[in-house]
Structure formats: C-alpha cells, structure tokens
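Peer 1: Numbered according to the UniProt record's numbering, the sequence shown terminates at residue 214, and the numbering increases by one at each position without gaps.
Warning: the hint list may mix true and false statements.
What the hints assert, rightly or not - List of simulated lysine to aspartate or glutamate pairs, DMTMM-like, C-alpha gap at most 25 angstroms: (1) Lys103 <-> Glu149; (2) Lys85 <-> Asp178; (3) Lys60 <-> Asp130; (4) Lys103 <-> Glu64; (5) Lys60 <-> Glu141; (6) Lys60 <-> Asp50; (7) Lys60 <-> Glu75; (8) Lys60 <-> Glu187; (9) Lys54 <-> Asp72; (10) Lys85 <-> Glu75; (11) Lys103 <-> Asp120; (12) Lys60 <-> Asp72; (13) Lys103 <-> Glu141; (14) Lys85 <-> Glu117; (15) Lys60 <-> Glu133; (16) Lys57 <-> Glu75; (17) Lys57 <-> Glu149.
It is worth saying that the hints were derived from the structure and are not from the lab.
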Amino acid sequence: MQGSKHAWLLLIAIVFFGCNQSNDATSTVDNDPASGQPTEETIIVEKIDDEVQKAVKDPKAVVELFLHSLRDGDEATTSRLLTNKARSETAKHDMVVHPPGSKTAQFVVGQTIYTTESHDIAHVESNWTDVDEAGRRQSYEIVWILRQESLGWAVAGMATELFSGETPLVMNFEDPLDMLAQQQRAELELTRRGAAAAGSTQVMPASHSSPLSR
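Construct the complete structure from the given sequences, taking the supplied hints into account.
Peer 2: Dropping the structure here:
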C-alpha cells in the first residue's frame, strides 16, 4: 500500500530521534571519567573515527556510510555522521539517534547535486528498499541534505515528496521540534488521503527542494 510507504518515511525521523533512555547502564559506565581502564566501547569508537573520517571527504560516501549504519542499527556511526547542530539540538531536547536496523533492507545511492554556488550544501539521492509487514518489498526515494562543516560533510536532513507534484516534506534534523511538528501535520494529511492513496504501487519520488539550501 502507498499509505504504508508514506507512513514509513514519516516515521523515519522518530526512529532517528527516539526519546533518550536514562537507564542505559552501559552508557553510564563508559562515560565515567574516573574509569582508568579502556573499555570495549572505547575501542569501537576509535574504529568508527577512522571510518567516518574517510567518508566525510565526500557527500556521497557520507550517505553510503549513513545508510549502512541505519541498516545495521549502528547508533554511534549514525550519530557521528550528523551535523554538529543536529547532534546538539537533539541532545538539548533529550533525543538520541536510534536507527531501525533491518537485515532485509537494501539501498542504492545516486547522484550528488550541489545547491549553492559555494558548494557547501549537497543533496544526495538514494533509494531504500525493504520488506513490509505483509512480506512485500517497498521502495522509498529519499534525498539526503548535507552540509560541509570544518571537519567534512555531514547529514542535516532529508526530503521526499509525499504526493507527486506537491511541496516536498523536509525533515530538518537541526530543528527537531519543527521536524516533529511537520511529521504530525503530514500524518494527519496522509490519514485524510489514505483511502485514495491505498493500492498505488508507485515509488515515492524524492525532491531537491529544501529550506536547508542556503
């Protein structure tokens, strides 16, 4: 159903930024400054640093690693590939990156389009395919919005068209409250149009229109 595809894309922001769970004992131990012993988490972070540092040189490589991390449920890498503002703003609102993880997901990363003369904003096309609850493969076209920061490229948001030819939905990871408000409005509209959208097999188009392109 087209409606289920739309709902997946709307929920993706919530999946990325679920409410922080304060009872994570592992995180408490790893962040204990009094601990003088290296932990397994510390070793993993060092490996992530190398992988991320290689990717941030190119926006397409960032999206490829970002989608790999989403598919694998790798919270640490997913978080490190976000812009500094996205991480700080979500932390301010007690939100954390929480990628879904899916062994059945596949993705293809497409072309990169620079949307500013200074080439400091990039839109990277992608197609994500996964199996829904009924066992049917569903495809989603998403444009990932990246900024070039001092250390390299990072993910600032995503865009997709919920309905062909209409204003695209933009999820701005740097403004989580606005992102959630847009999601709620879009879900209401999708519910209203649900009957008409049911049964369509179109792949949802993505869009390069974005208020982040400035």
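Peer 1: Compare the structure with each hint and give your call.
Peer 2: Cross-check of the supplied hints:
Among the hinted pairs, Lys103 with Glu149 is inconsistent with the structure: their alpha-carbon atoms are about 32 angstroms apart, more than 25 angstroms. Of the pairs offered as hints, the one joining Lys85 and Asp178 holds, with about 14 angstroms between alpha carbons and a cut-off of 25 angstroms not exceeded. A hinted pair counts as satisfied when its Cα atoms are at most 25 angstroms apart, and Lys60 with Asp130 qualifies at roughly 21 angstroms. Of the pairs offered as hints, the one joining Lys103 and Glu64 holds, with about 16 angstroms between alpha carbons and a cut-off of 25 angstroms not exceeded.
Of the supplied pair hints, the one linking Lys60 and Glu141 holds, its CA atoms being roughly 15 angstroms apart against a limit of 25 angstroms. Pair hint Lys60 plus Asp50 holds up; C-alpha atoms about 17 angstroms apart against a cutoff of 25 angstroms. Between the alpha carbons of Lys60 and Glu75 the distance comes to roughly 20 angstroms, so the proposed pair stays at or under 25 angstroms and holds. Restraint check for Lys60 and Glu187: not satisfied, since their Cα atoms lie roughly 30 angstroms apart, outside the 25 angstroms limit.
Annotation: proposed proximity of Lys54 to Asp72 holds, straight-line Cα distance about 19 angstroms (limit 25 angstroms). Taking the CA atoms of Lys85 and Glu75, the gap is about 17 angstroms. The hint holds against a cut of 25 angstroms. Our distance criterion of 25 angstroms between C-alpha atoms is broken by Lys103 and Asp120, whose separation comes to about 33 angstroms. Distance hint between Lys60 and Asp72 is fulfilled; the C-alpha atoms sit about 18 angstroms from each other, no more than 25 angstroms.
Straight-line distance between C-alpha atoms of Lys103 and Glu141 comes to about 19 angstroms, which keeps the hinted pair within the 25 angstroms bound. A threshold of 25 angstroms between alpha carbons decides the hint, and for Lys85 with Glu117 the separation of about 22 angstroms falls inside it, so the pair holds. For the hint linking Lys60 to Glu133, the alpha-carbon distance of about 30 angstroms lies beyond 25 angstroms, and the restraint is violated. Of the pairs offered as hints, the one joining Lys57 and Glu75 holds, with about 21 angstroms between alpha carbons and a cut-off of 25 angstroms not exceeded.
Taking the CA atoms of Lys57 and Glu149, the gap is near 10 angstroms; set against the 25 angstroms cutoff, the hint holds.
The structure fails to meet hints 1, 8, 11 and 15 from the earlier list, while all remaining hints are met.
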